[in-house]
Amino acid sequence: MSAIVSPSQERERPPALTVGPAAWLRANLFNNWWSTAITLALGYLLVRWVVGFVDWGIIHAVWSVPSKGPGIADTSACQAAKGIGACWAIISDKWRFIIFGRYTFDDQWRPAISIVLFVGLYIVSALRSFWRWELALIWLVTLTIIFVLMWGGVFGMEYVPQDQWGGLPITFILSTFGLAAAFPLAILVALGRRSTQLPAVRVLCVVYVELVRGVPLISFLFMASTLFPLFMPVGFNPDKLLRAQIAVILFAAAYLAEIVRGGLQALPKGQYEAADSLGLSYWHKMGFIILPQALRLVIPPLVNTFIGFFKDTSLVLIIGIYDLLSAGKIALGEPAWQPYGTEIYLVVGAIYFVCCYTMSRYSRGLEIEFNRSIRR
Amino acid sequence: MSDTQPAIVLDKVNKWYGPMHVLRDVTTTVGQKEKVVVCGPSGSGKSTLIRCINRLETHQQGRIIVDGTELTDDLRALDTIRRDVGMVFQSFNLFPHLTILENCTLAPIWVRKMPKDEAESLAMDLLTRVKIPEQAKKYPGQLSGGQQQRVAIARALCMKPKIMLFDEPTSALDPEMIKEVLDTMIGLAEEGMTMVCVTHEMGFARQVADRVIFMDRGEIVESGSPHAMFESPQTDRLKLFLSQILRGH
Chain A
35 MSAIVSPSQE RERPPALTVG PAAWLRANLF NNWWSTAITL ALGYLLVRWV
85 VGFVDWGIIH AVWSVPSKGP GIADTSACQA AKGIGACWAI ISDKWRFIIF
135 GRYTFDDQWR PAISIVLFVG LYIVSALRSF WRWELALIWL VTLTIIFVLM
185 WGGVFGMEYV PQDQWGGLPI TFILSTFGLA AAFPLAILVA LGRRSTQLPA
235 VRVLCVVYVE LVRGVPLISF LFMASTLFPL FMPVGFNPDK LLRAQIAVIL
285 FAAAYLAEIV RGGLQALPKG QYEAADSLGL SYWHKMGFII LPQALRLVIP
335 PLVNTFIGFF KDTSLVLIIG IYDLLSAGKI ALGEPAWQPY GTEIYLVVGA
385 IYFVCCYTMS RYSRGLEIEF NRSIRR
Chain B
887 MSDTQPAIVL DKVNKWYGPM HVLRDVTTTV GQKEKVVVCG PSGSGKSTLI
937 RCINRLETHQ QGRIIVDGTE LTDDLRALDT IRRDVGMVFQ SFNLFPHLTI
987 LENCTLAPIW VRKMPKDEAE SLAMDLLTRV KIPEQAKKYP GQLSGGQQQR
1037 VAIARALCMK PKIMLFDEPT SALDPEMIKE VLDTMIGLAE EGMTMVCVTH
1087 EMGFARQVAD RVIFMDRGEI VESGSPHAMF ESPQTDRLKL FLSQILRGH
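Sequence lines, in order, name chains A and B.
Just so we're aligned, residue 35 is where the first sequence starts under our numbering, counting upward by one.
Just so we're aligned, residue 887 is where the second sequence starts under our numbering, counting upward by one.
One chain only, chain A, in its complex shape (with noise of 0.2 Å):
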C-alpha cells in the first residue's frame, strides 16, 4: 500500500469543526455551560417575545373597522381587542394624514409624487455611474419640480400654502436640503478652520463651529422662529419651513465641519507636500488630492451624522411644522384613536427605520468599494 499523500493535499481540508454553521454556533453560542445556559435563556425569551408580537400584531389583530358615518370611525372592535391585539385599523384610516399631513386631501397626489421623486433622486444619486456633472443638474430640476407641485398655483394646480404641508414630504424637504447644503458649507467651514494664510477667516469658522456646537437644535429652531422676525424690515417675513430649513443648515454644517476636519487632519503630512512640490493651486490641492481622500475616511461618522439629522428634523415640531412623526401625534388626536398611540408610533418608527438602515447599509458598501481601489 503506497502511504505517500502530497502535504498539500492533506492541508486542504481544515480539521472537522472548525469552519461552517455548527463550529460557528459552538464556538460562539455553546462554547461552555454557562455560555449555554446564556443561550437558551435569551433564546427562549426571544421566542416568547416573537410569538407574542405575532399573536398581538397578527392573529389577534383588528385590520379594519366600520364607520358609523362620513369621517366617524366606530372604534368598538379595537376597544373589544385592547390588551389582547393590535389595532392596525388606525393605521389604515389615519395613513395619509401621517404621511400628507393637512395637505388638501384631493390634492395628496402631488405630495405622493413629491415622494417618489425624491426617492429616485436618492438611488440616482447613489449609483456611482451617475457621479457627474450633470448629476447638479438633475438635483436641480427635480427639486423644481418638487417645489411647483408642493406649492401649486400654476399648470391649474390649486395653490396650497406651507402651512399646510406635513408628514413625509417635510421630513424629506427639512433633511434633503439640510444636509445637501451644509455638506458644502461644512467642507468650506473645515478649510476655513485649517487655512494658515487667512487668520481672520479661521477665527471666523471656529467661532461659527463654537457658536452653533454650544446651543441646543430647539433653541436654535425657536430663534429662527420667533427672534429672526424680529431683526428683519416690516413686509419681509420668510415663511416659516425656510427659516427652520436655515436652522437645521447651519446647525448641521457645524457639525459637519468638525467631521471634515478630522477627516483633513488624518491624512499625512506628505500628501499636502507632495501636492505642493507638484505646483497644485490650492483649491486643485485640495479638490483633486486632499477632500477625496478626506472624505473616504469619515465616511463612518458622515453618515451617522446624517442618519441623526434625518431624526432630528422631527424637532420643528415644537416651532409648529408637522413632519412625519409630528403628523403621526396628530393622528392620535382624534378621541376615538386616542388609545392606539403604539401601533402609530411602530409604523412612524418603521418608516424612519428603513430610511436610516438604507442609508447605513449603503455607507458600508461605499466604503468597501472605496476601500478596493485603494487597498494597500
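Quick caveat, the hints were computed from the structure, so don't treat them as lab data.
For clarity, every value in this text was computed on a predicted model and none was experimentally measured.
Careful: at least some of the hints might be erroneous.
EDC-like mimics (lysine to aspartate or glutamate), calculated; alpha carbons at most 20 Å apart, straight line [said to hold, decoys possible]: (1) Lys319/A x Asp970/B; (2) Lys319/A x Glu920/B; (3) Lys999/B x Glu403/A; (4) Lys1046/B x Glu1006/B; (5) Lys1048/B x Asp310/A; (6) Lys1046/B x Glu403/A; (7) Lys1024/B x Glu403/A; (8) Lys319/A x Asp1011/B; (9) Lys319/A x Asp965/B.
Since the structure of chain A is provided, determine the placement of chain B on it from the hints.
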C-alpha cells in the same frame, strides 16, 4: 534664463524651529547641470535645507534664488519655482486614490494646462523610462516600494522640471530595491539634469556627484569633490561621520 546663471543660490540662509537653530548661514551655489549630494548625520538640517529650496519650509533669514527667481512670500514666484523644481520624497507620497497614470498626469494637466492625451503619452514615456509602463492602470498600494519610488520620480519628471530634489529617496526601501531606484537616478544624472540629493548612498555619490556637501548641526562643514571628501576628509566631524557610515555598510 541664461545657461550661465546658477540654478540655485543660497546666501546666508538661516532658519529656526522655535529656539532651535536648524540652518546656520548656509551659503552655496548649484550650477546648471550640477549634481550635488548632501550628506550628514540625522538632525544636521540637510532635509530642511532641501525642503527650503522649493519652500515646503520657509527660511527666516538670507536669500534663496532658484533659477533666477528669489523665494519670497510672493505666491506667483512660488508657483513658477514649484513648476520648475521636482521633488522626490523619502516616503514616496504617491496619491493612493489615483492610478499610477493619474498620479503622473494630474499636475501636467492642471498646472501646465497640457491636453489630456498629450499628458498621458508623456507619462507613458516616462513610466517606460523608469521601466514600469505595465503598472500604469494600477494603484500605488499594489506596487512595491521600489516601484512606487520610481513612479514618484516619473511623476516629478512629468512636470518637465529644470531641477530635481531628492530627499533621502532610498532610505525607506528594502535593500534589494535600492538599486533599481539608484539606477533610475543615475540615468537621470547622465542626461544632464540638475540634481540635489540628500542621501547616505556613498557609492551613488562617488559615481554621480560633482560635489558633496557635508552638513552637521545646521551648517555646511565641508564641501568638495567626492574623491577629495571621502579620501582625505579635513575635519574631525566628517571623519567621524564617514567612519560611522562605512561601518554601517
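Structure-based check of each hint:
Restraint check for Lys319/A and Asp970/B: the C-alpha separation of about 18 Å stays at or below 20 Å, so the hint holds. In summary, the hint linking Lys319/A to Glu920/B is not supported, as the alpha carbons are separated by about 31 Å, beyond the 20 Å threshold. Of the supplied pair hints, the one linking Lys999/B and Glu403/A is violated, its CA atoms being roughly 31 Å apart against a limit of 20 Å. Pair hint Lys1046/B plus Glu1006/B holds up; C-alpha atoms about 14 Å apart against a cutoff of 20 Å.
Between Lys1048/B and Asp310/A the CA atoms are separated by roughly 17 Å; this keeps the pair inside 20 Å, and the hint holds. Note on Lys1046/B and Glu403/A: the hinted pairing is violated, with a Cα-Cα distance of about 35 Å set against a maximum of 20 Å. Using a Cα cut-off of 20 Å, the hinted pair Lys1024/B and Glu403/A holds, with the two alpha carbons roughly 16 Å apart. The hinted pair formed by Lys319/A and Asp1011/B fails the criterion: a straight-line CA distance of about 25 Å is larger than 20 Å.
With a CA separation close to 13 Å, the supplied pair Lys319/A and Asp965/B stays within the 20 Å bound.
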